[in-house]
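*Asks:* Using the hints provided, position chain V relative to the given structure of chain A.
Just so you know, the protein sequences line up as chains A and V, in that order. Following our numbering, the numbering of the first sequence begins with 211 at its first residue and continues without gaps. Following our numbering, the numbering of the second sequence begins with 2 at its first residue and continues without gaps.
Since no wrong hints were added, every one of them can be taken at face value.
Here are the simulated SDA-like cross-link-like pairs (lysine to any residue), alpha carbons at most 20 angstroms apart as the crow flies:
#, chain 1, residue 1, chain 2, residue 2
1, V, Lys40, A, Gln320
2, V, Lys349, A, Ser295
3, A, Lys512, V, Ala231
4, A, Lys499, V, Thr140
5, V, Lys349, V, Gly339
Calculated from the structure, these hints are not laboratory results. What you are looking at is a predicted structure, and each value in this text was computed from that prediction instead of being measured.
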Amino acid sequence: MIEHLIPVLAGTLAAATPLIFAGLGELVAERTGVINLGVEGMMLIGAVAGFAAAAHSDGGALAGLPAGAVAGMLAALIFAILSLSMAANQAACGLALTIFGIGLSAFIGQHYVSYSLPGLPPLDIPGLSEIPVIGRILFHQDAVTYLGLVTFVGVWWVLKKTRLGLVLKAVGEAPDAAHAIGYPVIAIRYGATLFGGAMAGIAGAYLSTVYTPLWVQNMVAGRGWIAIALVVFAAWNPTRLLLGAWLFGGVTILQFHAQGLGIALPVQFLAALPYLATVVVLVLISRDKRLLQLNLPASLGKPWMP
Amino acid sequence: MPLLEARPTPSARMRLLAPLIAIGLTLAVGSLLFLSLGKNPVEAFGVFFIQPLSSGNGWSELMVKAGPLILIAQGLAIGFRARIYNIGAEGQLIMGALAGGGVAIAFDGVDAWWVLPLMVIAGAIGGALWGAIPALLRTRFNAQETLTTLMLAYVATFALSYMVNGPWRDPEGMNFPQSIMFGDPALFAPWFEGMRVNAAILIAAVASLAFWIFTSRSFLAYQLTVGGLAPAAARYAGFSANRTVWVSLVLSGLTAGLAGVGEVAGPVGQLNLNISPGYGFAAIIVAYLGRLNAIGIVLAGLLMALLYLGGEAAQVALQLPAAITGLFQGMLLFFLLGADVFVDYRLKPRPRPAYA
Numbered sequence: 211m212i213e214h215l216i217p218v219l220a221g222t223l224a225a226a227t228p229l230i231f232a233g234l235g236e237l238v239a240e241r242t243g244v245i246n247l248g249v250e251g252m253m254l255i256g257a258v259a260g261f262a263a264a265a266h267s268d269g270g271a272l273a274g275l276p277a278g279a280v281a282g283m284l285a286a287l288i289f290a291i292l293s294l295s296m297a298a299n300q301a302a303c304g305l306a307l308t309i310f311g312i313g314l315s316a317f318i319g320q321h322y323v324s325y326s327l328p329g330l331p332p333l334d335i336p337g338l339s340e341i342p343v344i345g346r347i348l349f350h351q352d353a354v355t356y357l358g359l360v361t362f363v364g365v366w367w368v369l370k371k372t373r374l375g376l377v378l379k380a381v382g383e384a385p386d387a388a389h390a391i392g393y394p395v396i397a398i399r400y401g402a403t404l405f406g407g408a409m410a411g412i413a414g415a416y417l418s419t420v421y422t423p424l425w426v427q428n429m430v431a432g433r434g435w436i437a438i439a440l441v442v443f444a445a446w447n448p449t450r451l452l453l454g455a456w457l458f459g460g461v462t463i464l465q466f467h468a469q470g471l472g473i474a475l476p477v478q479f480l481a482a483l484p485y486l487a488t489v490v491v492l493v494l495i496s497r498d499k500r501l502l503q504l505n506l507p508a509s510l511g512k513p514w515m516p
Numbered sequence: 002m003p004l005l006e007a008r009p010t011p012s013a014r015m016r017l018l019a020p021l022i023a024i025g026l027t028l029a030v031g032s033l034l035f036l037s038l039g040k041n042p043v044e045a046f047g048v049f050f051i052q053p054l055s056s057g058n059g060w061s062e063l064m065v066k067a068g069p070l071i072l073i074a075q076g077l078a079i080g081f082r083a084r085i086y087n088i089g090a091e092g093q094l095i096m097g098a099l100a101g102g103g104v105a106i107a108f109d110g111v112d113a114w115w116v117l118p119l120m121v122i123a124g125a126i127g128g129a130l131w132g133a134i135p136a137l138l139r140t141r142f143n144a145q146e147t148l149t150t151l152m153l154a155y156v157a158t159f160a161l162s163y164m165v166n167g168p169w170r171d172p173e174g175m176n177f178p179q180s181i182m183f184g185d186p187a188l189f190a191p192w193f194e195g196m197r198v199n200a201a202i203l204i205a206a207v208a209s210l211a212f213w214i215f216t217s218r219s220f221l222a223y224q225l226t227v228g229g230l231a232p233a234a235a236r237y238a239g240f241s242a243n244r245t246v247w248v249s250l251v252l253s254g255l256t257a258g259l260a261g262v263g264e265v266a267g268p269v270g271q272l273n274l275n276i277s278p279g280y281g282f283a284a285i286i287v288a289y290l291g292r293l294n295a296i297g298i299v300l301a302g303l304l305m306a307l308l309y310l311g312g313e314a315a316q317v318a319l320q321l322p323a324a325i326t327g328l329f330q331g332m333l334l335f336f337l338l339g340a341d342v343f344v345d346y347r348l349k350p351r352p353r354p355a356y357a
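For reference, chain A alone in the conformation it holds in the complex (with noise of 0.2 angstroms):
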């Protein structure tokens, strides 16, 4: 059994790396007062900028990140630009980000169709990896897995123990305090907007060309929106959103290994799984009105101008 469940576990964690980058970005621009519906799209953006970079360097994923990350920001920049500066509806222009991402992804990955890239090999850490079972588990991982939980740290530090943690969050707690006492509210959120548009191009850029290193039309398959719904599942606290990260890596594995746990359901189940347990999580996390009304940050989704 435990043959069995090493190369579940350790696919886990590299499974959970593109939900823990776009869910980090989306839970600070969250924390700030804005909710980008668009982070499917710029998944993919991300996806296919990485894919292009890669194929025409010589870097290969290593190339493939930072384009993955500037095309997400360029991508997030469209959608600050018409719901921060001109106030358009938040869900709106985060819906239409994510149909031109669509769009965009399929026109560019026309020319990559069935392309395959090397991929990045694992990365031992030295004399962890040689402990039994752990080792293989947690320290037999590609670069960028690390640089995901290194981020989660980043991240859980800024918004936990920083002046500037404390500024993003009273911007979307009271845009207008925060106004009031000087803050750029505009500025800041324009910042958290790009950041989590970097995040998840790399998110994107590590689908395409670390953990199925191929271009397939639509990749991204959804992963942006669980990421949505494990900021509100996380209650908008990066620790939790690591553990439901986890937890989703952990059901999105399943379908691979299934016939070696001695699971015996159809594969279309099991692959649906993710989805069905997204409605779940949102169903239990919802349902006490007052618990969520808590943590959601205040100006969540509304426009504000000066």
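*Replies:* Below, chain V alone, put in the same frame as chain A:
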């Protein structure tokens, strides 16, 4: 320095102009795109918008594609007016197709007039039930319908995949994921020889008329709209917020389900994995572009259908990727949202230096 200021009252003229501005900007950026791809924009737009309409079959195809788009968008618009965002119409379409297709498969070989009407009813119920799930989750558990409707759309695609790979797979279909081809009693008969347009378009037409009467005449529609614009006022007036959610999601699920059955009993003629080229998502754009208004949606649906046809024509005539349609759809929605800002806001006049 903010460049915009709120208008004293929303501009009605701008509300009607915004879609035209959005279309104009999309064409402008589209021209640049064509130029960058080495195509003559005039020729390319000819292929996109004129060529598909230069034959009888082209008009037939326009109706075939506009039908489901208009039908779904009419249902979605009811919800959008009430700020209930059903973005999973694609899933409700699939469930309608599955329910309707199931009837066709169950009564395969039965030559009776009632097979097709039964399929239509089953499709409507299938879509409505798939829309009812997020309504229940929203009213009972407060779960956001935006996310649940979309997640259920993914679940629906897997359900479809399971059925056409498993129980309903055509035993003589060479293992392709598809059902049997439906017999004539389970199909909308084409109106003209060699063309695909059929009576399913009448469902869209009747629905458009019904929604036009519903939105302009009924008290319930008024309550829904007030609930969207001013939730506090709606509560004060005693309009039920839960009923708004139920009506919005079940109605939009129902129309999407009808669109689904229209596809499998029409142009597709069986259940397979390609029953919809993203109609459920494109209908969101149609609803907004049509100003959530029944008549506007008919016009917007025709335009969007033309965009699909143009994409196909451009693929053949100009060797452009078919995905260009999706790109145009996204741009159109972006420009529309941008132009819509000027319904409620206007550019702030530059402050003049004050002379003493």
